[in-house]
Amino acid sequence: MKAKIIVTPKKAVLDPQGKTVQNALEHIGFKGVKDVRIGKYIEIELEGTDREAALRSIQEASHKILSNPVIEDYSVEICD
Amino acid sequence: MAAVTEFANQGGLVLGICNGFQILCEAGLLPGALIRNRSIKFRCEFVWLRTGPSNTPFTCKAPEGTVLRIPIAHGEGCYFADPETQKKLEANGQILWRYCNEQGQVEAEANPNGSLLNIAGICNEKKNVAGLMPHPERASEDILSSSDGRTLFESMIQWHCKK
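Chains as they are written, first to last, in our numbering: chain A, 1 to 80; chain B, 1 to 163.
Some hints here could point you the wrong way.
Keeping only pairs whose Cα atoms sit at most 30 Å apart, straight-line, the calculated BS3-like set for lysine-lysine is [claimed, not checked]:
id : chain 1 : residue 1 : chain 2 : residue 2
1  : B       : K41       : A       : K34
2  : B       : K126      : A       : K10
3  : B       : K61       : B       : K88
4  : A       : K2        : A       : K31
Please keep in mind that the hints were generated in silico from the structure rather than gathered at the bench.
Take these sequences, add in the hints, and give me the full structure.
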């Protein structure tokens, strides 16, 4: 099993990195960019076959260490 | 961190400077978080700080409004907290240091990193845990071109000895 976790800055939190990329995109001529938010993508290989238990433990790990819940949101997907 | 948290919960004085401030926030000992500087640039320079309420172990030797000259050196020092936390920080007098100009006025131009409300440092509700991005330990002797940071450590010593 594999867990895929996406961590993104919360909507209310300023994302200077996203802003800088947005400016850079506009600078090289990309049109129609409304907003850019930059987060991180994490893959974790897991032992066992119990998907529900895996989801629970990865959600706990996401809350405790993979993200900072004060400023970031996360989503977890378990796949084969 | 478990031992630091236990020490803080028992009322021990805990001070986090720069990366230490970031860690205290992530560990949940202080509210909010530090994010990338608004300019996305690392800032290394002297700044001016306006001291907040003096009824804390970290500020008791500096009357409210005292202006300190202390250096910063960070890339992720932009303080963020949700509106509810902001209100609590202000109402409880937990904002201990704000970026200001030389005259002590808190203004946008004096904010080096985009911090909310020009916040440079805060304390917890019980006022025994504090964190700040500027480095008082790098401004504690005249030979370092400022000894303003010394008042912070002298405050803690005075508070501790009085207990």
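Cross-check of the supplied hints:
1. B:K41 / A:K34: holds (24 Å)
2. B:K126 / A:K10: holds (28 Å)
3. B:K61 / B:K88: Roughly 24 Å between the alpha carbons, so the hint for K61 of chain B and K88 of chain B holds.
4. A:K2 / A:K31: violated (37 Å)
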